[in-house]
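Sequences are here, hints too, so could you generate the full structure?
Protein chains: 2
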Amino acid sequence: MPQYEKIIDLATRKGFWFPSAEIYKGPAGFYDYGPLGAALKRNIIELWRKNFVEADGMLEIDGSPIMPPKVFEASGHLSSFQDPLTECMKCKSIYRADKLIQDVTKKIVPEAMKAEEFDKLIKQNKIYCTKCKGELAKVRMSNLMVKIYFGPKDNELMYFRPETCQSIFVDFQKIYNIMRAKLPIGFAQVGLMCRNEISPRQGLFRMRQATQMEAEVFFNPKNEDKFEKYDKYKKYKVNLALLGKENKIIEITLGDAVKKKIFKSKIEAYYLALLMQFYECLGIKKENMRLREIGPEEKPFYAKSAWDFEILTSLGWTEIVANHYRADHDLKSHSKGSNQDLSVIDGEEKVLPWVWEDSFGVDRTVFAVFDNAYNEESVNKETRIVLKLDKKLAPYDIAVFPLVNKDKIPELSEEVYEMLKCCYACFYDDSGSIGKRYRRMDEIGTPFCITIDYDSLKKKDVTVRDRDTMKQDRVKIKDLCDYLYKQYIK
Amino acid sequence: MPQYEKIIDLATRKGFWFPSAEIYKGPAGFYDYGPLGAALKRNIIELWRKNFVEADGMLEIDGSPIMPPKVFEASGHLSSFQDPLTECMKCKSIYRADKLIQDVTKKIVPEAMKAEEFDKLIKQNKIYCTKCKGELAKVRMSNLMVKIYFGPKDNELMYFRPETCQSIFVDFQKIYNIMRAKLPIGFAQVGLMCRNEISPRQGLFRMRQATQMEAEVFFNPKNEDKFEKYDKYKKYKVNLALLGKENKIIEITLGDAVKKKIFKSKIEAYYLALLMQFYECLGIKKENMRLREIGPEEKPFYAKSAWDFEILTSLGWTEIVANHYRADHDLKSHSKGSNQDLSVIDGEEKVLPWVWEDSFGVDRTVFAVFDNAYNEESVNKETRIVLKLDKKLAPYDIAVFPLVNKDKIPELSEEVYEMLKCCYACFYDDSGSIGKRYRRMDEIGTPFCITIDYDSLKKKDVTVRDRDTMKQDRVKIKDLCDYLYKQYIK
Chain A
1 MPQYEKIIDL ATRKGFWFPS AEIYKGPAGF YDYGPLGAAL KRNIIELWRK NFVEADGMLE
61 IDGSPIMPPK VFEASGHLSS FQDPLTECMK CKSIYRADKL IQDVTKKIVP EAMKAEEFDK
121 LIKQNKIYCT KCKGELAKVR MSNLMVKIYF GPKDNELMYF RPETCQSIFV DFQKIYNIMR
181 AKLPIGFAQV GLMCRNEISP RQGLFRMRQA TQMEAEVFFN PKNEDKFEKY DKYKKYKVNL
241 ALLGKENKII EITLGDAVKK KIFKSKIEAY YLALLMQFYE CLGIKKENMR LREIGPEEKP
301 FYAKSAWDFE ILTSLGWTEI VANHYRADHD LKSHSKGSNQ DLSVIDGEEK VLPWVWEDSF
361 GVDRTVFAVF DNAYNEESVN KETRIVLKLD KKLAPYDIAV FPLVNKDKIP ELSEEVYEML
421 KCCYACFYDD SGSIGKRYRR MDEIGTPFCI TIDYDSLKKK DVTVRDRDTM KQDRVKIKDL
481 CDYLYKQYIK
Chain B
1 MPQYEKIIDL ATRKGFWFPS AEIYKGPAGF YDYGPLGAAL KRNIIELWRK NFVEADGMLE
61 IDGSPIMPPK VFEASGHLSS FQDPLTECMK CKSIYRADKL IQDVTKKIVP EAMKAEEFDK
121 LIKQNKIYCT KCKGELAKVR MSNLMVKIYF GPKDNELMYF RPETCQSIFV DFQKIYNIMR
181 AKLPIGFAQV GLMCRNEISP RQGLFRMRQA TQMEAEVFFN PKNEDKFEKY DKYKKYKVNL
241 ALLGKENKII EITLGDAVKK KIFKSKIEAY YLALLMQFYE CLGIKKENMR LREIGPEEKP
301 FYAKSAWDFE ILTSLGWTEI VANHYRADHD LKSHSKGSNQ DLSVIDGEEK VLPWVWEDSF
361 GVDRTVFAVF DNAYNEESVN KETRIVLKLD KKLAPYDIAV FPLVNKDKIP ELSEEVYEML
421 KCCYACFYDD SGSIGKRYRR MDEIGTPFCI TIDYDSLKKK DVTVRDRDTM KQDRVKIKDL
481 CDYLYKQYIK
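Heads up: the sequence lines are chains A and B, in that order. Counted from 1, the first sequence has number 157 at position 157 by the working numbering; the numbering is strictly sequential. Counted from 1, the second sequence has number 137 at position 137 by the working numbering; the numbering is strictly sequential.
It should be emphasised that the hints constitute simulated quantities derived from the structure, not laboratory data. Everything numeric in this text was worked out from a predicted model, so none of it was measured. The reader is advised that the hints may include incorrect statements.
Unchecked claim - Cross-link-like lysine-lysine pairs, in silico, DSS-like; alpha carbons within 27 Å at most:
| no. | chain 1 | residue 1 | chain 2 | residue 2 |
| --- | --- | --- | --- | --- |
| 1 | A | K285 | A | K50 |
| 2 | A | K147 | B | K147 |
| 3 | A | K421 | B | K229 |
| 4 | A | K421 | B | K182 |
| 5 | B | K234 | A | K421 |
| 6 | A | K408 | B | K229 |
| 7 | A | K392 | B | K392 |
| 8 | B | K421 | A | K226 |
| 9 | B | K478 | A | K486 |
| 10 | A | K70 | B | K147 |
| 11 | B | K421 | A | K50 |
| 12 | A | K153 | B | K133 |
| 13 | A | K70 | B | K25 |
| 14 | B | K153 | A | K138 |
| 15 | B | K153 | A | K99 |
| 16 | A | K392 | B | K391 |
| 17 | B | K436 | A | K350 |
| 18 | B | K182 | A | K406 |
| 19 | B | K50 | A | K478 |
| 20 | A | K245 | A | K285 |
| 21 | A | K123 | B | K153 |
| 22 | B | K90 | A | K153 |
| 23 | A | K50 | B | K391 |
| 24 | B | K50 | A | K391 |
| 25 | A | K391 | B | K421 |
| 26 | B | K476 | B | K460 |
| 27 | A | K406 | B | K232 |
| 28 | A | K25 | B | K332 |
| 29 | A | K232 | B | K421 |
| 30 | A | K114 | A | K147 |
To be verified - Some chain B residues near chain A, calculated using beta-carbon distances under 7 Å:
| no. | residue |
| --- | --- |
| 31 | G15 |
| 32 | A21 |
| 33 | E60 |
Built from N, CA and C at the ideal position, the CB exists for glycine as well.
This is how it looks when you write it as structure tokens:
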């Protein structure tokens, strides 16, 4: 089985995630997380909140994902957030023109071209329907915005936001003033977004509904290089794939990258470093991450610069976080759209802040973390599948196994389970051989398995087995909390 | 100012929550939470996860809120989840017939009546348009389901779930088997839902988009009184408002209520107690809670019994959690709808589990907690507004104040701030008098304020001031973590 399929097989088998409304054969692009996947996703979000949002002193809001048309008129989404579509005139199959041309020509096709330019490429490259060889209709631009109707006659149009950041821009001035904030200041939000993807595919990668974690950093453009937080990260090394040299990853300190003007400013440099550090903390190896520079053809018109943060997975290098230097685009658009001056006071000065954005795909992060944690090892001529998740992310911290279901062993096991349950996510398993129980826990990434046996009754101790090394320690029950605590601190 | 308006004034002034897309005058029924409200909401959800979901050993899933029509055909929502609407024939104002009749007659009107029955009541009571006295059109039933369109031609109809539980029912069998669960077992979920409310009103109480926390407990109806967890709660006292005697709250132990057959079973009794205990843990006083028995006219047709959990707020007794004994309704409907047998194995037996449901309004809980925490006290002839939130719920745990912004006091203050930041949500405030800073923190419920003054420089100690008692302690900086830890344990 190819690596990607093995990973999806494990995820599905253990219910980490699976297609939504499966018993009704629901449409593609919607996923449900089972208990293990939901815990993994939650743990990732929690770590982001702690190590990215709170560590940076950002303000986190929680805005409604459904917003009125005026918001997206102003932001430009209604006019320009679109995919080029073409239809087979014979069998009526629908294609995204850019992806189709890319698949056939094996060359990157800029997303931002006009319909006629796609038509030209289709003609030049003699592209036909891949299913029936039929001729393709003229390309039309199809909006990705998802419509929702309210009101007694179902005719009050609203939109499901296509990215979480719009509530941040719309609320910015109010929150800035209420919280008595000072520039530069990051605003953060975790939440749902929806896109009318025509061909949702690759599992958690191109969904119609997904979760984002976004950070919008507002700053005074005059002061973007007076940014003290950067100093601590000067020596932090980032991996870059520069424009035109995507295949050669360079490792460079922030300080050198700023000196060489690879980054627009200290703000850009610092937040890209913070981002990479966050993924290190999720247990992704540094050699499996890179920041790919986005060229003028690929990036949105308003962005002064853009970097895709990519992780090497079984699907190759995949985009996990999109980062944009958005400058004054957002607050200017909403000032105009709402006919209100959205400037704020910075020291003595009135200023319309500029924006740096990090936009994290949560579902993509779940996949990348799961994929990178997947391991197969040969143990006694059998294959051991083990999910080497960082301890902080594992759905269960500890499993408790009574060796047998008699002779007071279950009673002692339950005592141990109840004791640990207060501080750790615990799983109690009393069926099958201990070896089988170990394998089940290895597959879902549980860092520690604790077995209670006949000796435990006499000596008041248990066997603690480590997921990664398979090493077993004998630990007194009274010392168990202390023992585990130390394992987590390390 | 009436109490309710004072509370909304504080919430708005501090940005706990406010209408979404305010700068565009967005439609009613959608709210955003600013940083303080978002933290309060998150803390409530976290406590629920710990003290309700995990304490009971439930499995938490995270399903897509957008689902295909077949799900809601099977669940009955498409045919029967509706409001009776009437329109003024003159000025075109639209009313919910049940609410209009109730407002005019001051009598409870069952929701589940037919259109003609509403027409009859309107005629009998001589009810006209309250705005222009115009005649009202015949009542029509309007569905509350919210439509969303996908696909290249915007014509693939999906629905936004009107309650989170449907993903639980649809995924139940799969998850039960994967997780090797045993009956009885609770499934939980936190997430968004949408309803096409015609007259969204009362702030967080009748929103078009809201957050729910739901628990669906699956059990074998044969064994519902063999339920050991109940035993621990036998002596727990609940407050009941029984049918026909709503104005007299009785306090009764679970044991007695089961004996008197007030509750259908031990399962019903136990989960209602667990629920009440959870709200105690949120800091709601027991005398401000009650379980109101729902009569046959008010409850859904499939429910064998129903209880509204209500909290006394400045709006009167308000519904916060709806609890239904749903019996076999859900799994039977989805077995039929999907043409699949959704039974599971319980011991030696194949069984289609029955369901007990607790459906928590998260936004309503936020309001009730905020409302119940609001206090006004007279201090030195001035009014002190103080939000006496339970310590576990406060958006900030601690505020740090340098007495002055010079003479090395800011440096020491920042040291203290950095030290506490690792374990607590901290706010640094260096502007205005200390008295003013205290008041600002009182209004947002910060339990402790720490001031660093000239003595601190010499003696390495600080003043810790308690929000509720306003008592001040002088504490050595080296003992600060220990001191605070003890305050939280108490």
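Structure-based check of each hint:
no.	hint	result
1	A:K285 - A:K50	holds (20 Å)
2	A:K147 - B:K147	holds (8 Å)
3	A:K421 - B:K229	holds (16 Å)
4	A:K421 - B:K182	holds (19 Å)
5	B:K234 - A:K421	holds (23 Å)
6	A:K408 - B:K229	holds (21 Å)
7	A:K392 - B:K392	holds (22 Å)
8	B:K421 - A:K226	holds (24 Å)
9	B:K478 - A:K486	holds (23 Å)
10	A:K70 - B:K147	holds (20 Å)
11	B:K421 - A:K50	holds (10 Å)
12	A:K153 - B:K133	holds (23 Å)
13	A:K70 - B:K25	holds (9 Å)
14	B:K153 - A:K138	holds (15 Å)
15	B:K153 - A:K99	holds (19 Å)
16	A:K392 - B:K391	holds (26 Å)
17	B:K436 - A:K350	holds (26 Å)
18	B:K182 - A:K406	holds (19 Å)
19	B:K50 - A:K478	holds (24 Å)
20	A:K245 - A:K285	holds (22 Å)
21	A:K123 - B:K153	holds (24 Å)
22	B:K90 - A:K153	holds (18 Å)
23	A:K50 - B:K391	holds (20 Å)
24	B:K50 - A:K391	holds (20 Å)
25	A:K391 - B:K421	holds (23 Å)
26	B:K476 - B:K460	holds (6 Å)
27	A:K406 - B:K232	holds (25 Å)
28	A:K25 - B:K332	holds (18 Å)
29	A:K232 - B:K421	holds (18 Å)
30	A:K114 - A:K147	holds (24 Å)
31	G15	holds (4 Å)
32	A21	holds (5 Å)
33	E60	holds (6 Å)
In this structure, none of the earlier numbered hints is contradicted; all agree with it.
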